[in-house]
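J.: Add chain B to chain A, keeping to what the hints say.
Protein chains: 2
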Amino acid sequence: MVDQYNGYYKGKNVLITGGLGFIGSNLAIRLVDLGSSVMIVDNKLETSGGNEFNIEPIKHDVHVNYLNICDKTSLRQLVRNKHIVFHLAAQMSHTLGLKDQKPDIENNIIGTVTLLECCKEENNGVKLVYTGSRGQYGEALRLPVDEDHPRNPIGSHEISKNDAEDYARFYHRRLGLDVVLTRLSNVYGPRSQIKSPEFGVANWFVGLALRYEPIPLMGDSCEGYGIKKRDFLYVDDCVDALLLLASKKEAIGHVYNIGNDEPSNFRAVAEIISDYTRASIKHVTWSKERKLLEPGDFYPDISKIRNLGWSPRVPLEEGIRNTVEFLKLNKDHYW
Amino acid sequence: MVDQYNGYYKGKNVLITGGLGFIGSNLAIRLVDLGSSVMIVDNKLETSGGNEFNIEPIKHDVHVNYLNICDKTSLRQLVRNKHIVFHLAAQMSHTLGLKDQKPDIENNIIGTVTLLECCKEENNGVKLVYTGSRGQYGEALRLPVDEDHPRNPIGSHEISKNDAEDYARFYHRRLGLDVVLTRLSNVYGPRSQIKSPEFGVANWFVGLALRYEPIPLMGDSCEGYGIKKRDFLYVDDCVDALLLLASKKEAIGHVYNIGNDEPSNFRAVAEIISDYTRASIKHVTWSKERKLLEPGDFYPDISKIRNLGWSPRVPLEEGIRNTVEFLKLNKDHYW
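Chains A and B, in that order, are what the protein sequence lines are.
To convert, count from 1 in the first sequence and add 9; that's the working numbering.
To convert, count from 1 in the second sequence and add 9; that's the working numbering.
Just so you know, the hints here were simulated from the structure itself, not pulled from any lab data.
We put the beta carbon where it would ideally sit given N, CA and C, even for glycine.
A couple of the hints might just be wrong.
[What the hints assert, rightly or not] Reference excerpt, derived from the structure (chain B facing chain A, CB under 7 Å, subset only):
no.	residue
1	V122
2	P159
3	P162
4	S165
5	D172
6	D175
7	F179
8	H181
9	L253
[Stated by the list, open to error] Simulated pairs of lysine-lysine, BS3-like, Cα-Cα distance not exceeding 27 Å:
no.	chain 1	residue 1	chain 2	residue 2
10	A	K129	B	K297
11	B	K81	A	K111
12	B	K91	A	K111
13	B	K108	A	K129
14	B	K300	A	K129
15	A	K108	B	K81
16	A	K300	B	K129
17	B	K111	B	K300
18	B	K108	A	K91
19	B	K129	A	K108
20	A	K108	B	K91
Looking at chain A on its own, in the form it has when it is part of the complex (with noise of 0.2 Å):
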């Protein structure tokens, strides 16, 4: 591939937190390719996507270093020398926290003030990428959504994540070190778990589809099924978004979305995959309970980004049949 960051990542120490998971390691096969010496933290958090089938093309490439995040005498060595952390790893689980919000407390918001500590104590010259979510804005006041819009995140898992980023923040304003903070959408593509839903619906959508079941799309018969606006970004533009961000001096400190401004839908996810495998649709009516926790329209405004000369490049379809072609050649170790 092109280097398109002109040599910046050759020769570069970069430590990523979740390494194993999908983000992650989708971002840690580029930087090795981009001729970085990558280092891997990752515990395989039972809530994470953390897989090491996932860096098989690497595995002789990267170091891996099994570690829980708060685990901050230890995380302290594997800080130094790095020139630039990209922190992936959390709690992914979205409805783990309607039972209990300590995994969310303890993995997502002690665990990156750990990280933080640790560069501070440890390398105050690091640059670190923090990786938040959209939901961190919770429902959409307008749209499309820019980075000035209110945080009313609305599930413990974006409640937790939006608290990391403000101490992520903290330490930026406060203590001196460079942060770059993002707010990714709706990332699909190979290397995701597709277990359930909780790891992206796009992703799940395909599990479902090589597994012989009926894609659902959420709805009712006054507004439609799967029609609500989402916006979906293929995991290779996240990286590259991503890669570009942690090379730009002048995004330290600032936050940007990560996503896709052309908003698409489920429905138009589900049309795709079942072109492409045959799977059936299938219309659920919302539960009473379910349609008050459905946030509405979403996409982003990712003109902040754009600026620096990102933009989504891999269409809706090349990128669902790049997730299928994946997951058909290697299913077994992905459920």
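T.: Below, chain B without anything else, positioned relative to chain A:
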């Protein structure tokens, strides 16, 4: 005093976390007066304002249970049979977080979530009033600051208070608990700590005056000293606002600014104190670093709570005079 709540609080079982502190103790005294049965939970955390002298007038009328609110096993015993919980317990230092954010996360986030869990599990019919801070807004993007203003908290204390508010809202929206949310401005008056500006600058100014130390006004020769716009609210008004909100069914699930929409500034406060005490005032030039952290002018839009029938009643002069008189009589207990 007149019971403007028409007997609502008579016979009610009320739990006040942080009830030995500044606002909590003033609230407890008023509730005893209104005929409530009051239990206080407090652990006299060093960085809170807990002080047994605060409840001297009602010491035979309230039950004090010393407890860290993260102690769920014990706390769950105490929320049973309560009609209302006022949650005021918090780590209050704004500067501690510069060195260590864990006390904010532990006391303010995990403490609040533990209390919410106990209420949900043991007493789902209880009404809980959460007390947040105007610091949750960060810099004012517009004035006055209404409740829909984006929340960009700057310091660790404020970040943690903001996160706890999101968790309290989560318990309302997703888990069905009756929660009322508040964001308090600069509250001053009797029963506050006066050892440091951590517990409110207005109170600290009074303390300095009574120790015959000059009152410092920050600024520089260009813009003047002590002239940033701020609102100050006398503690009795704050207590009235909390009591009104807890008595109104329509307040459940909503967030209210509790402050003063007639802005003043630190110079005005210092001059009133100086009039009563003959304290001197000194001008202090901001350090470059301090100036960067200055959040600028702030005063809240309080029309939302005004619409429920509350407004600030105690003028700044009267409030300051009361504070000075209280501390003249009782200063041994406050430093």
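J.: Are the hints correct? Go through all of them and say.
T.: Structure-based check of all given hints:
1. V122: 5 Å, holds
2. P159: 4 Å, holds
3. P162: 6 Å, holds
4. S165: 6 Å, holds
5. D172: 4 Å, holds
6. D175: 4 Å, holds
7. F179: 6 Å, holds
8. H181: Nearest chain A Cβ about 11 Å off; hint violated.
9. L253: 24 Å, violated
10. A:K129 to B:K297: 22 Å, holds
11. B:K81 to A:K111: 13 Å, holds
12. B:K91 to A:K111: Status holds; Cα separation ~25 Å.
13. B:K108 to A:K129: This hinted pair holds, its Cα atoms lying about 11 Å apart.
14. B:K300 to A:K129: It holds: about 23 Å lies between the C-alpha atoms, which stays within 27 Å.
15. A:K108 to B:K81: 15 Å, holds
16. A:K300 to B:K129: With a Cα-Cα distance of about 23 Å, the restraint between A:K300 and B:K129 holds, given a limit of 27 Å.
17. B:K111 to B:K300: 26 Å, holds
18. B:K108 to A:K91: 23 Å, holds
19. B:K129 to A:K108: Satisfied, since the Cα-Cα distance of roughly 11 Å is no more than 27 Å.
20. A:K108 to B:K91: 23 Å, holds
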